[in-house]
Structures are given as C-alpha cells and as structure tokens.
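**Q** Could you slot chains U and L onto chain H? The hints should help.
Chains as they are written, first to last, in this note's numbering: chain H, 1 to 365; chain U, 366 to 677; chain L, 678 to 957.
Keep in mind the hints are simulated off the structure, nothing from the lab. Since we're looking at a predicted model, the values are computed, not measured. Heads up, the beta-carbon is just placed ideally off N, CA and C, and yes, glycines get one too. Just so you know, not all the hints are guaranteed correct.
With beta-carbon atoms standing in for the labels, derived distance ranges [as the list claims (entries may be wrong)]:
1) L:A773 to U:T599: 20 to 30 angstroms
2) H:A191 to U:V380: 26 to 36 angstroms
3) H:V123 to U:E564: 49 to 59 angstroms
4) L:V933 to U:V380: 41 to 51 angstroms
5) L:V933 to U:T388: 33 to 43 angstroms
6) L:V933 to U:R491: 18 to 28 angstroms
From chain U, some residues computed to sit far from chain L (all C-beta separations above 10 angstroms) [as the list claims (entries may be wrong)]:
7) Y371
8) L426
9) L438
10) R439
11) A515
12) L528
13) P529
14) R534
15) F536
16) L544
17) P581
18) V614
19) A620
20) L661
Result set (DSS-like, lysine-lysine): computed pairs, CA atoms no more than 30 angstroms apart in a straight line [stated by the list, open to error]:
21) H:K111 to U:K489
22) H:K111 to H:K149
23) H:K90 to U:K489
24) H:K111 to H:K90
25) H:K90 to H:K149
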Amino acid sequence: MTRVLDVEDLHVSFSTPAGRVQAVRGVSFSLDAGEVLAVVGESGSGKSVMARSVMGLLAGNGRIDSGSVRLRGRELVGAGERELRAVRGKDVAMVFQDPMTCLDPTMPVWKQVAEPLRLHSSVSRREARAVATRLLERVGIPDAAVRGKQYPHQFSGGQRQRIAIAVALVCHPGILLADEPTTALDVRVQAQILDLLRELRSELGTAVVFVTHDLGVVSSIADRVAVMYAGRIVETGTMHEVLWHPQHPYTWGLLGSLPHGDERLTPIPGSPPSLLDPPPGDAFAPRNPYAVARDTQEAPPFFEVTPTHHAATWLLDPDTSPVEPPPVIRRRWEQWHASHGDTGCGRDTRILHRSVPDAEGGSDE
Amino acid sequence: MSIGTYALRRLGVMVVTLWIIVTVTFLLLHLLPGSPFVDQKNLTDEQIALLYERLGLGEPLWRQYLDYVGGLLRGDLGISFQFRNQPVATLLAGRIGPSVQLGLQALLVGIPAGIALGSVAAVKRRTWLDSTTTITAVIGRSVPSFVVAALLQYVVGVQLGWLPIAGWRGFAYTILPTLALAVAPMADAARFVRTEMVEVLASDHAELARAKGFGPWGVARRHGVRNSVIPLVTLVGPMAVSLLTGSLVVENIFAVPGIGEQFVRSIFVNDYPTIMAVTILFSALLLVVIFVVDLLYTLIDPRIRLGGSVER
Amino acid sequence: MTGGLFWERMRRRPAALVSLVVLVVIAVVSFTATLAGLVDPVAQDVTAVNQAPGAEHWFGTDVLGRDLFARLLMGVRISLTIAFFAGLLDVTLGVAWGLISGLARRRTDGVMQRFLEILGGIPTLVVLVLMLTVLEPGLVTIVLAMAVTGWIPMARLVRAQALRVREQEFALAARVLGSGRVRLALRHVVPNTLGLIIVQSMFTIPTAIFFEAFLSFIGLGMRPPTASLGTLLSSGFQTFTFLPFQMLVPAVTLSVIMIAFNLLADGLRDVFDPRGVVAR
Numbered sequence: 001m002t003r004v005l006d007v008e009d010l011h012v013s014f015s016t017p018a019g020r021v022q023a024v025r026g027v028s029f030s031l032d033a034g035e036v037l038a039v040v041g042e043s044g045s046g047k048s049v050m051a052r053s054v055m056g057l058l059a060g061n062g063r064i065d066s067g068s069v070r071l072r073g074r075e076l077v078g079a080g081e082r083e084l085r086a087v088r089g090k091d092v093a094m095v096f097q098d099p100m101t102c103l104d105p106t107m108p109v110w111k112q113v114a115e116p117l118r119l120h121s122s123v124s125r126r127e128a129r130a131v132a133t134r135l136l137e138r139v140g141i142p143d144a145a146v147r148g149k150q151y152p153h154q155f156s157g158g159q160r161q162r163i164a165i166a167v168a169l170v171c172h173p174g175i176l177l178a179d180e181p182t183t184a185l186d187v188r189v190q191a192q193i194l195d196l197l198r199e200l201r202s203e204l205g206t207a208v209v210f211v212t213h214d215l216g217v218v219s220s221i222a223d224r225v226a227v228m229y230a231g232r233i234v235e236t237g238t239m240h241e242v243l244w245h246p247q248h249p250y251t252w253g254l255l256g257s258l259p260h261g262d263e264r265l266t267p268i269p270g271s272p273p274s275l276l277d278p279p280p281g282d283a284f285a286p287r288n289p290y291a292v293a294r295d296t297q298e299a300p301p302f303f304e305v306t307p308t309h310h311a312a313t314w315l316l317d318p319d320t321s322p323v324e325p326p327p328v329i330r331r332r333w334e335q336w337h338a339s340h341g342d343t344g345c346g347r348d349t350r351i352l353h354r355s356v357p358d359a360e361g362g363s364d365e
Numbered sequence: 366m367s368i369g370t371y372a373l374r375r376l377g378v379m380v381v382t383l384w385i386i387v388t389v390t391f392l393l394l395h396l397l398p399g400s401p402f403v404d405q406k407n408l409t410d411e412q413i414a415l416l417y418e419r420l421g422l423g424e425p426l427w428r429q430y431l432d433y434v435g436g437l438l439r440g441d442l443g444i445s446f447q448f449r450n451q452p453v454a455t456l457l458a459g460r461i462g463p464s465v466q467l468g469l470q471a472l473l474v475g476i477p478a479g480i481a482l483g484s485v486a487a488v489k490r491r492t493w494l495d496s497t498t499t500i501t502a503v504i505g506r507s508v509p510s511f512v513v514a515a516l517l518q519y520v521v522g523v524q525l526g527w528l529p530i531a532g533w534r535g536f537a538y539t540i541l542p543t544l545a546l547a548v549a550p551m552a553d554a555a556r557f558v559r560t561e562m563v564e565v566l567a568s569d570h571a572e573l574a575r576a577k578g579f580g581p582w583g584v585a586r587r588h589g590v591r592n593s594v595i596p597l598v599t600l601v602g603p604m605a606v607s608l609l610t611g612s613l614v615v616e617n618i619f620a621v622p623g624i625g626e627q628f629v630r631s632i633f634v635n636d637y638p639t640i641m642a643v644t645i646l647f648s649a650l651l652l653v654v655i656f657v658v659d660l661l662y663t664l665i666d667p668r669i670r671l672g673g674s675v676e677r
Numbered sequence: 678m679t680g681g682l683f684w685e686r687m688r689r690r691p692a693a694l695v696s697l698v699v700l701v702v703i704a705v706v707s708f709t710a711t712l713a714g715l716v717d718p719v720a721q722d723v724t725a726v727n728q729a730p731g732a733e734h735w736f737g738t739d740v741l742g743r744d745l746f747a748r749l750l751m752g753v754r755i756s757l758t759i760a761f762f763a764g765l766l767d768v769t770l771g772v773a774w775g776l777i778s779g780l781a782r783r784r785t786d787g788v789m790q791r792f793l794e795i796l797g798g799i800p801t802l803v804v805l806v807l808m809l810t811v812l813e814p815g816l817v818t819i820v821l822a823m824a825v826t827g828w829i830p831m832a833r834l835v836r837a838q839a840l841r842v843r844e845q846e847f848a849l850a851a852r853v854l855g856s857g858r859v860r861l862a863l864r865h866v867v868p869n870t871l872g873l874i875i876v877q878s879m880f881t882i883p884t885a886i887f888f889e890a891f892l893s894f895i896g897l898g899m900r901p902p903t904a905s906l907g908t909l910l911s912s913g914f915q916t917f918t919f920l921p922f923q924m925l926v927p928a929v930t931l932s933v934i935m936i937a938f939n940l941l942a943d944g945l946r947d948v949f950d951p952r953g954v955v956a957r
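Isolated chain H (complex conformation) (with noise of 0.2 angstroms):
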C-alpha cells in the first residue's frame, strides 16, 4: 500500500473580528492509495477547514499555523504559493457541496473539464476536448460529445455534481477531496454518486477525503472514518470497527441521531464550543453524559482498541471505570461481536476482555 498523504499534528486557525478561531486543533492522519476516508463530524468540526488546507484552499483569513502535510513525502506547508498551484488540480483535486454553483454558468462543460489538464499538462485543445468528452461520457452524462457544449444551467443538480467529479479526476489526481459532495442532493441521486465515487476509485486508484456530516452516506463508501469534534479528531478506525464498534460517546451520540427504523432520535443537545479560546480539556465534555472529572482538565489521549482502531476518551482509560452505552450503540456491539464471533482482531481490547453489566443483569460475554 503506498501511503499518498500524510497529515501530522494540524493547525489551522482563521482570523475574525472577535479574535482568531481555532479551526483545527491538532489533527493527524494518513490516507493510502486507493482508500476511502470519511471525515465526519457537525458543522463547525473543522473538517472542511481540514479538507481545504490538505491544498492550501483557505480564504484570505486562514493559515496554517503548524504541522505537516506530506504528499508523497514532498510537503506542502509552507510552500510557495506557486508550488501549490501546481499541484492543486493535478496531484489534489476538490470536489465542492453545491453543485448549482461550483461551475462557471458561461462556458461550456466540456471546456470546464478540460481546464485543468490543458494548465497542468501540454495538450492540445483537441486533445483535451476529447479527453473531456470521454471522462464526461464516463461518469455518466450520456451523448457527451452533444451535451458537453452546453452550459451548466441546462443540467440538473446531480448531473452537475458529475461533472465536478469529471473536473476533478480529470488529471488523475491521486487524491480527491469531496467536502461533502451529496449534502445538497436528494438521497436516490446521492446513491449514484456515491456509486460514481466507489467506481472512479476503483478504476483509477484515486485516494478519496470524503467530508461529510452524514453518518448514513458512510457505510456506503467508507474505508476508514475518522470523527471529528471542535478541530479534533476524537475516534478513528475502519468503517466497521467506528460505526459498529464505537468507543468515543460523542460517535454514540452521531450514531444514536440517526433514524434507525422506530428507534426515536436522539439528538446530541448543546452545541460545539466556540473555538476563539478552546478549553483546556476534552471539548466534548459539557455535551458528555458520559463526562469523567479528568475531561474538563486534561484532553484525552488517543486509546488504541485495535491497531486501527483509536478513539480518543478517558472512557477507555484502564483506571476509568466501565460504562454502559446507550442501547442503540450496545445493539451495535452485540452485531460486531456476533459477526466477530470468539476470534478476530482486537481480541486483547479492554472493552472485550471486561465483564460490562447490561441493563437486564447479565454480562456480554
């Protein structure tokens, strides 16, 4: 597997009227060729801060105060501006939320498709065009070569979105950031994207960042997903072991919001902190019902469940003592541990090994 990015210790704040946010507080990650990382987390987690400062995208407010981002080991913090251009497009391409306006209403599709390989590469414009044309035909606008002359407007939301995609693989980047590339569609176009996305990785090996609030749109495409809360990543792992073995309570309570047949929802009451003067210790902890009194003082480090598998809450610290999740997160557990079964990964957990008294008396194992 070669490793394509690689992000360490993130910070990224923005200048405001009110003082300077703290956008991103100290993330770190990595991401290999070919595989999905889902971001997820509220509005306001930092993860599209996250996203854009992976090519230097940040308005005129932002900079990245610390930390490294690796591509292919060439590391781009702190480089020229001219360096970043060039690779914006080629090596990273992004994919943006709305698609009714991400694309320039007066010039033709095709042409929009073609513009990054005619910047970054020496192509002809006939060669770009039919370049253009083929990767439109490919994600599925059909009669490409009639439909790629015409204008934005005369497409519908989801074909637009394909398009964008198209603009951004274009180059064969090997890593394309989607910051939240279904939000604004409607749930069956969303599948076809989503369906597009897995398809293009596949074929092109393209590593993807998919950014989104959406827990739902996850399992779908997700190889790993990382969790993130007020700049922070808080749990980390595949996409089995965070949705169906969560361990952090801010993931039980993104995971217990979501309609699940007649289970009622329950949202996370509060809201994030604000970000101009974050607290000194897990910034979740005023949400937290599962708060311990170290949460206010000291920011939990990240507990290794598996070896890919970290989350990072003084629940899973050895003196801590156990508690019970919500009943939805425990169905959860019991699904895992059944598809589990006595052998398998990440036998040597705490959480595994300890004897968790559920709410009938009995005990999990």
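**A** Same frame as chain H, but now just chains U and L:
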C-alpha cells in the same frame, strides 16, 4: 414572458416614444413666434412669400404636420434655413461619418480600458492599486468631457505640441477628441466591472477554478472577466447617451466636422429644420441603441437565452 | 437612522466627509461674498484687461477687465442655485408622483407607470435642447428644464418604496383602523424612504450642475454677461490658447465641485442605501 413578446413590447414603446418626440418637436418649433428666416431683412417680400410657399409654411398646422411626418418616413428632413439650398438630410449625411467614427473609437478605447482597470482593482482589492483606480474612476466620472477636452487640447496640443489641436485631416486629428470622449465610458466601465468582479471572485465557481490550480489572475482572466462583462452590456445605453451629449461640445472644441458641431451651430442661428432633424435623429439613435442593447443582454446571457424566457 | 449613527458612519468615510466640508465651504464663501457685496463681478476696468493671476486680481481678469475671482464666486453661486432649485423641484415632483402612483389603485398606477416609461425614454438632452430652444434662456428656464427631466428616477424610487410599505403588515393594520392613504404616505412611506431620497437627490444635483455648465457652454443656457460656471467656461474657451487660465480656473472649480458631490453621494449611499436600491 417570452423573448418575442418582450421584444415586441419594447419595440412598441420605442415607436410611441419616438412619435411623441417628433410631434412635440414639431409643435414646439412651429408655434414659435417670429420669422424663421435668419436674415429676414435681406429678402424682398416676394422672396419671402415664395419661400413660405416652397416650404409649405402657409398651410394649416395639421397639414404641415402630416407632410413633415410623411417626409420623415421618406427620409426627407426638410430644407435647412441656414443653407437655403440644402436639404437637411444631405447636410447631415455628410457629417455623420466623423461623429460615428468618434463615438465608436471612444467606445473601443474606453470600454476595454475600463474593463482592465476594473479587473485590476478587483483582483488587487484593498491595496493601493485598488484605491488609485477607484479614485481615477471617480474623477473620470465627475469631470465633464468638455473640461477634459479643453485640458487635453491645452496640455497635449498647445504646450507639448504632440498632437494637432483641432481639425479633421487625418487619424492623428482623431486621437485627442477620442480620448476626451473615452474618459467617461472608461470610468463607468471600471467602476461597474470592479463591483461585479469582486462578487464573481468570491463565488463558488471561482473557488473551483482556484482548486484547479489557477492563481488570482488566472481566475480573473478565464472566469472573472466573462462573468463580469456580460452585465456590462446594460451600461451601453446610458453610455451612448452621454457620448452623444459629450460629442456636442467635444466636436466644437476640436472642430470636428460632425453632427454635434452642426447642431450647436444650428442652435445659434435658429435653423429650426436642422435642429428638429438632429433632435429626432439623436432620439431615434438613442432609442434604437437602448432597445438593441436591452434585447442583446437577454440574448447574451446563456442562462436566459437557452432557458428561453425573460424575467422582469 | 439617528444623527449620532449617521455621523459615526460618515466618519469612516473620509472621502465623503472631506467632500462635504469642501462643498459647504465653497457654498458659504460664494454666497456670502457675492450677496454681501464683498466682491464685484461686474465692475469693468479697461486698464486691467486680460491680466494673469496676480496680487490685485487673484485669478486674473477677463476681456472686459472684470475680476475673475469675483466672477468665479458669482458663477459658483448661480450654478449651485440652479442645481439646488432644480433638485428641489425634482424631489417634490418625484416624491409626489411616486407616492400617488405607488399608493393608488392598480389602474391609475399602471397609467402613471406607462407615462413614466415613455417620458423616461426621451433622452434628457433632447428635452433640454427643445425646451431651451423654445423658451427664453435664463435662470428660471434652466431650472424648469432640468426639473422636467430629473424627477423621473426619484418617482420610480419612491413608488417602489411606497409599494413595499404598502405590502407590509403594519400598513394593512393601519388601513383597517381607518387611516387614509395620505396618512400612510406621510407617516410611513416618507420617513422610511428619507435616506434613499437624500441619496438620490445627491446624485441629481451634480447632474444639474453638469447640464447647466454644458448648456451654457453651447449657448443654450445662461447668457453672458451673467456669470455661471458654464458661461465662464464658454468665454474662457474663446481665449483659451493664449490665456489658458481664463478657462482653467472655472474648469478646475467645476471639476472639484463635481468630484466632491460624487464622492459625497457615494458615501451617503454607503450609509443610507447599503443594498444599492438607488439608481444613478
């Protein structure tokens, strides 16, 4: 409503407006007291009577009106009072060339310069470059074209001697008047483009362009300009108006043998047929330009053209 | 908008503030100096003809030996007077028409709208030229001519605002309670629209100044020996090549006044009309 209906409606308004102008002009000038002839005293009574008859001035008013309108539709604009042998139409036809040339040159110089200026101001927003261009635009908008003309004539023509002061004997003679007339359109265009472009540069598709790897100038050139300039078409109408106004004086200052110069002269000598004719000509021209531009705008914007309807 | 808030916002726009000060100074000086007889714009002195600016005559003298500084002050006063009264008439006519049209029954409004559309389609220049060709040139004529052409944007603006207010709930409530439309107009539309009216008139005034100068320059406006900015420009132009200051002085003055008004109007628009409802 559809484009066709809209066009017809605007055409209707245009025709009605023009007709009103013709009628009002006719009434005003025919109800003036006093003789229309410049040097009345040099003519004998018979000559005056003959002229009256020839020019149809003795007929009842409504008759004269119909004759006049009929003549207009045929292209007959009457006989000049000043140059008594010359039909106004001929007089004006000979002078249209310079005026049109001047107007077009002014637009061709002013508008691109304004677009460039406005774009620079937008990309380099909030830097000294932006402030300078904005101030230049305000000055360009405020200082009347005839003041600019006089200044140019003095500084460049008299003091520096680089360009001819007045006349119309070659291309060099057209430069100063063109510049004088171009200042106002340039300032208007610059201001407008800056506002539009700032908005475009902050839009989502501009961000996508940046994500493709374009720098600020690249984004401005490839996406900003087109999106900002399309609405610029709406300014062409008012620009044409101010160009016509400006041409009256600029032509005088630089002795350009155009319609504007003739118009001013006609006013001084009370050559009513010419005054009327030029008034109607100007009005017709302006109305047509505004009408065409209006229609053009709805056609140029691909969203509206291919969507097939006009929202008003 | 309270007075305090207004000045606070204006303070952040130095260009507009400076312009305001400059205009006030110019107006005060020109009016007091000429009305109080401190300067004499008509006294001729054949011994001091066409002098360059100097100690005795600050801006020089013209072809009849009249002091140009005095004539300039007079010219500014006349131009400002014309612009002011034209602006006043524009506001009155425009606001009245706009209120009536906006608050009237649909048919009446429709007719009034058509009228505006057609009348507004006639180029200002055409109307001005026609009126001034036919009528006696002079102060009153010019003011009338410019009032006739300048009220239309104001009418459109006020009508739009009147329509807006009309749709709002408190207007409906007021009407239910029996308030007549006149009350509605005076007590609700006008106060809400005052800011926009001010901004719009701030754009009308430099237009009026410009047209006066323009018309006088081509001979349709004020006639010599009256001193207005336009006539000064016109006479100055005739001796331009060898006595440039005679034209440059009124030219620069006119430019300064126009620039100041435009900057002031821009600043006022930022303060009162951030959404750009007023059309220039």
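**Q** Beyond 10 angstroms from every Cβ of chain L: is that where the Cβ of F536 of chain U lies?
**A** holds (23 angstroms)
**Q** Report holds if the minimum CB distance from L438 of chain U to chain L is greater than 10 angstroms, and violated otherwise.
**A** holds (20 angstroms)
**Q** Can the suggested window of 41 to 51 angstroms be confirmed for the beta-carbon pair V933 of chain L and V380 of chain U?
**A** holds (43 angstroms)
**Q** Is the gap between the beta carbons of V933 of chain L and R491 of chain U within 18 to 28 angstroms?
**A** The hint (18 to 28 angstroms, Cβ to Cβ) holds, given that V933 of chain L and R491 of chain U are roughly 27 angstroms apart.
**Q** Over 10 angstroms from every CB of chain L: does P581 of chain U meet that, or does the non-interface label fail?
**A** The assertion about P581 of chain U holds, with a minimum of 25 angstroms to chain L.
**Q** For K90 of chain H and K489 of chain U, compute the direct alpha-carbon distance and say whether it is at most 30 angstroms.
**A** This hinted pair holds, its Cα atoms lying about 26 angstroms apart.
**Q** Are all beta-carbon distances from R439 of chain U to chain L longer than 10 angstroms?
**A** holds (22 angstroms)
**Q** Take the C-alpha atoms of K111 of chain H and K489 of chain U, compute the straight-line distance between them, and say whether it is at most 30 angstroms.
**A** holds (27 angstroms)
**Q** Using Cβ atoms and 10 angstroms as the threshold, tell me whether L528 of chain U really stays out of contact range of chain L.
**A** It holds; L528 of chain U is separated from chain L by about 14 angstroms at its closest Cβ, greater than 10 angstroms.
**Q** With 10 angstroms as the threshold, tell me whether R534 of chain U passes as away from chain L on beta-carbon distances.
**A** About 19 angstroms separates R534 of chain U from the closest Cβ of chain L, which puts it past 10 angstroms; holds.
**Q** Are the Cα positions of K111 of chain H and K90 of chain H separated by 30 angstroms at most?
**A** holds (16 angstroms)
**Q** For the pair we were handed, K90 of chain H and K149 of chain H, check the Cα-Cα distance against 30 angstroms.
**A** holds (24 angstroms)
Hint check: violations occur at hints 2, 3, 11, 18; the rest are consistent with the structure.
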